[in-house]
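Chemist: Sequence:
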Amino acid sequence: MNQEKIGLNLSIFVTLFMSILGISFGIFIQSEAILLDGFFNVVSFIMALITLGVAWLQKQPENENFNFGYLSFIPLVNLIKGLLIFLLSLFALTSAVTAILQGGRNLNANIAVIYALIASGGCLITALIQKKIAEKTRSLMIEVDAKNWLVNGLVSLSVGIAFTVIIFIKNTPLFWFLPYADSTLVIIIVLITIPVPIKVIIQSLKQLLLASPSTNIKQNITHLFETAPKSFPLENYWLRITQIGNTIFVSIYWLLPGEYNLKGIEELDNIREEISQVICQQYPDLMIDIVFTKSSKWAEDIILREK
1 MNQEKIGLNL SIFVTLFMSI LGISFGIFIQ SEAILLDGFF NVVSFIMALI TLGVAWLQKQ
61 PENENFNFGY LSFIPLVNLI KGLLIFLLSL FALTSAVTAI LQGGRNLNAN IAVIYALIAS
121 GGCLITALIQ KKIAEKTRSL MIEVDAKNWL VNGLVSLSVG IAFTVIIFIK NTPLFWFLPY
181 ADSTLVIIIV LITIPVPIKV IIQSLKQLLL ASPSTNIKQN ITHLFETAPK SFPLENYWLR
241 ITQIGNTIFV SIYWLLPGEY NLKGIEELDN IREEISQVIC QQYPDLMIDI VFTKSSKWAE
301 DIILREK
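All letters in the sequence shown, in the order written, are residues 1 to 307 by UniProt numbering.
Incorrect hints may appear among the rest.
Listed next, the in silico BS3-like pairs over lysine-lysine satisfying Cα-Cα at most 27 Å (straight line) [stated by the list, open to error]: (1) K218 x K297; (2) K206 x K218; (3) K5 x K59.
The hints are simulated quantities; they were obtained by calculation from the structure and are not laboratory data.
Taking the hints into account, I'd like the entire structure generated from these sequences.
Modeler: Here is the structure:
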């Protein structure tokens, strides 16, 4: 079993456990904050099952319907997951505000702290394991999963800290705040964590729309290309880069000097091979096309299309 599949299976089992744990505790002590945590994990569990199928699908060869394989399914799954968590967050925010306006609700803070300790420990340990797997496999799915586990862990940890504070204010002049504590905590959690699904949504949409990858990737690939062997005949060049899942697509339009005398196609193949090797050292999941031309007019057409 490869590392990526191990990470996905781990996520499925831990998510199922956390879902049952969160919903059970949430219903038992009537805590919206804990119920929110449980439903976050339900969404993650469903998406983890789908992701496992996509991980298998993306390794299948291309066919007549999918000439470039199934790479686009990865950002599609991440987009759906981000949207579900975003919508769940908005629902929880609306529910919490409504509860405050209706006078709040009481809960057992002692049991909530026990839940938070178990949940935060499990989530943060899983996030650490997934992060290490993502670094080894360069898997975007595992990387996104690690971020989600980190968010879940921080949410659970903040729940534990907040309910610990609630325990200590029971016998103080601030006791009036107790019915509002749970709903207030939900609002704070949503406002802190909602940038994460928004970032996942934006990143996934950019990949589905074939937008350029991050500035760091673009600059790094450009630097690798420009520092490649200088003996190649080159008058000008244009790079087009996009990323789908883990795979980076690079198109290089290479303008050869007008006075250059081509000895044979093999010479261009050698240039393509050396350039590919330089970039592949840092980006192994690379698909690269190099188009050679001596036509300045054709190159100028490329510039006009880019403007």
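Chemist: All hints are to be evaluated individually against the structure, with a verdict given for each.
Modeler: Evaluation of the provided hints:
no. : hint        : verdict
1   : K218 x K297 : holds, 26 Å
2   : K206 x K218 : holds, 14 Å
3   : K5 x K59    : holds, 12 Å
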